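Please put together the full structure from these sequences, using the hints given.
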Amino acid sequence: MSAVHAAFDSAPLPRMLWKQTQAQVVNSARIPAFSLTTILLPIMFFAFFGLSHTHETLAGSRVSIGAYLMGSFGAYAVSSAMVFNFGIGVAVARAQKLDLLQRATPLPASIAIAATVINALLFALISLLALFAFAILAGGVHLPLATWVDLTLRLLVGAIPLIGMGMAIGYAAGPNSAPAVTNLIYLPMSFASGLFVPIAELPQVVRNIAPYLPTYHYGQIAWNAIGAPTESMEEAVLALALWTVILFALAIRFFRLDQTRKFA
Amino acid sequence: MVRVIAVQLDDVRKRLGTVEAVRGVDLTIEAGQVVAMLGPNGAGKTTCISLMLGLRKPTSGQVSLFGMPPSDRRARSRCGVMLQESGVIPSLKVKELVDLFRSYYPHPMKAARAIDLAGLAEQAEVQSSKLSGGQRQRLYFALAVCGDPEIIFLDEPTVGMDVEARRAFLSGIHEFAAAGRTIMLTTHYLAEADELAERIVVMNRGLVIADASPREIKSRVAGKKVRFASPRPLSEVDLDGLDVKSFEHDGRYYSFLSNAPEPVLQRIFQLGLEMTDLEVAGADLEEAFVSLTSQHEESVA
Numbered sequence: 003m004s005a006v007h008a009a010f011d012s013a014p015l016p017r018m019l020w021k022q023t024q025a026q027v028v029n030s031a032r033i034p035a036f037s038l039t040t041i042l043l044p045i046m047f048f049a050f051f052g053l054s055h056t057h058e059t060l061a062g063s064r065v066s067i068g069a070y071l072m073g074s075f076g077a078y079a080v081s082s083a084m085v086f087n088f089g090i091g092v093a094v095a096r097a098q099k100l101d102l103l104q105r106a107t108p109l110p111a112s113i114a115i116a117a118t119v120i121n122a123l124l125f126a127l128i129s130l131l132a133l134f135a136f137a138i139l140a141g142g143v144h145l146p147l148a149t150w151v152d153l154t155l156r157l158l159v160g161a162i163p164l165i166g167m168g169m170a171i172g173y174a175a176g177p178n179s180a181p182a183v184t185n186l187i188y189l190p191m192s193f194a195s196g197l198f199v200p201i202a203e204l205p206q207v208v209r210n211i212a213p214y215l216p217t218y219h220y221g222q223i224a225w226n227a228i229g230a231p232t233e234s235m236e237e238a239v240l241a242l243a244l245w246t247v248i249l250f251a252l253a254i255r256f257f258r259l260d261q262t263r264k265f266a
Numbered sequence: 010m011v012r013v014i015a016v017q018l019d020d021v022r023k024r025l026g027t028v029e030a031v032r033g034v035d036l037t038i039e040a041g042q043v044v045a046m047l048g049p050n051g052a053g054k055t056t057c058i059s060l061m062l063g064l065r066k067p068t069s070g071q072v073s074l075f076g077m078p079p080s081d082r083r084a085r086s087r088c089g090v091m092l093q094e095s096g097v098i099p100s101l102k103v104k105e106l107v108d109l110f111r112s113y114y115p116h117p118m119k120a121a122r123a124i125d126l127a128g129l130a131e132q133a134e135v136q137s138s139k140l141s142g143g144q145r146q147r148l149y150f151a152l153a154v155c156g157d158p159e160i161i162f163l164d165e166p167t168v169g170m171d172v173e174a175r176r177a178f179l180s181g182i183h184e185f186a187a188a189g190r191t192i193m194l195t196t197h198y199l200a201e202a203d204e205l206a207e208r209i210v211v212m213n214r215g216l217v218i219a220d221a222s223p224r225e226i227k228s229r230v231a232g233k234k235v236r237f238a239s240p241r242p243l244s245e246v247d248l249d250g251l252d253v254k255s256f257e258h259d260g261r262y263y264s265f266l267s268n269a270p271e272p273v274l275q276r277i278f279q280l281g282l283e284m285t286d287l288e289v290a291g292a293d294l295e296e297a298f299v300s301l302t303s304q305h306e307e308s309v310a
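Residue numbers (the working numbering), protein chains in the order written: chain A, 3 to 266; chain B, 10 to 310.
What the hints contain is simulated information worked out from the structure, not anything from laboratory work. Predicted model only: the values in this text are computed from it and were never measured. Hints are not guaranteed to be accurate.
Stated by the list, open to error - Pairs of lysine to aspartate or glutamate residues, derived as DMTMM-like cross-links and limited to a Cα-Cα distance of at most 25 Å, are as follows: (1) Lys264/A / Glu257/B; (2) Lys99/A / Asp108/B; (3) Lys99/A / Glu94/B; (4) Lys227/B / Glu257/B; (5) Lys227/B / Asp81/B; (6) Lys66/B / Asp19/B.
Structural data, given as structure tokens:
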């Protein structure tokens with residue numbers, strides 16, 4: 003009987019991950035509100051804050067302000083893709099009960115989550131490349147090829163703790179409150195970390211708080227890549243690693259709470 | 010042929026908050042059976058399905074799917090599911106979703122066949138968020154069968170379907186069952202259970218109160234509800250020996266359920282009661298179950 007051939011068998015996980023990621027990417031691409039804001043906002047910010055200063059250099063270094071701000075908004079682009087798009091995406095998917103049917107299929111939850119993360123990273127990469135292209139063409143930013151590659155890798159790998167933050171918000175907040183909660187946490191955090199205005203220009207109180215924020219250290223590794231003066235990279239990496247542990251612990255806790263609520 | 014046990018529940022209980030939704034259910038479903046679980050809202054049908062699928066864990070008792078814990082990926086790879094409350098990635102097209110769900114299973118059927126079984130060939134290129142309610146249900150059916158599973162679980166599958174959608178859907182189920190597959194569906198329509206299943210499991214208040222062929226269930230469920238007013242008192246004893254269930258009276262109004270209301274009415278006329286406001290109507294399922302439940306409680310007592 004043909005029904006018996008499937009006994010003690012299951013589908014290959016790499017293929018599941020590939021298909022699931024493909025589905026997420028197609029879905030994101032079909033929602034312009036998602037794909038366009040991810041790509042256009044960092045370019046817009048760079049145009050507003052950066053274009054008028056592109057030829058000045060940063061005090062005490064040879065790095066141009068244009069390159070420095072490109073690093074800032076690059077960090078903003080990737081971190082907002084993780085916290086906003088990924089976090090709010092998780093909250094909305096929960097509200098649409100996507101996870102309910104999925105949970106009854108052989109698709110492991112880890113594969114489903116990995117696909118969403120890969121999708122967010124892919125859009126983050128696209129928005130980075132768009133920002134870089136704009137900075138080169140409109141802002142006259144010039145960096146050696148190795149630096150471009152280094153900056154891109156640092157921004158993608160350094161975003162790991164922020165994936166944890168997006169996930170924590172996504173599993174804790176409802177679909178209506180998620181955007182508000184995200185704005186409330188993420189926007190002040192980005193400002194205080196110097197992603198919009200250089201830290202040196204921020205009030206002393208904020209400068210005292212900044213080193214306790216994950217986005218501060220995230221910004222530091224980006225600026226370091228283009229040669230701007232920063233804290234030591236050992237310090238930045240250690241802080242980001244610590245934040246990774248904290249934020250993922252929170253994310254896993256909220257994920258479990260959500261699952262218990264639905265499936266206990 | 011070796012009999013394969015698809016689903017087994019042993020003295021399963023499930024408490025949801027303060028309510029005991031399932032109160033000790035034993036059930037064995039053999040591979041190849043088409044079983045309908047029938048019961049009014051709140052009977053515990055959906056909870057039972059969730060337990061069979063491992064979406065919820067029993068408070069006590071054992072649940073197994075093909076001899077494995079239901080959450081085992083190998084067990085899930087043999088099941089297709091259609092839930093009452095679920096969603097899919099909204100901007101994906103029917104064809105894309107079927108293709109995605111096929112990748113979850115080791116030996117899926119061709120996407121076109123799943124779409125045909127669900128009667129969605131014309132909507133294959135439509136985004137899921139743009140489907141009507143009935144088409145959406147049929148999409149969920151396509152997703153349930155596309156892995157070519159040995160068993161499909163369908164929780165209230167025809168809710169929200171119009172006549173045409175329902176017909177297409179039922180023929181899809183028949184076609185799938187004809188391939189020797191196991192089907193477990195829940196419904197609160199006796200007619201639907203009768204039309205589809207070879208076995209009906211009736212649930213009420215968390216218990217299985219009947220488990221038999223559709224023919225037998227139909228003969229045991231009260232078919233008619235009789236209601237009338239009479240100025241003179243009537244006692245249930247007066248109707249002794251006749252098919253009368255759930256005899257009630259409220260002031261001048263009397264009502265009862267029966268599969269043979271004519272001889273009962275004849276007796277009442279012979280008793281010389283003046284009858285007004287006589288109504289004889291088909292009993293709805295809720296009422297029919299009350300009569301089954303009271304029988305069940307009598308037989309337990």
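Checklist entry - Against the structure shown, which of the earlier numbered hints fail to hold, in ascending order? => result 1 and 5
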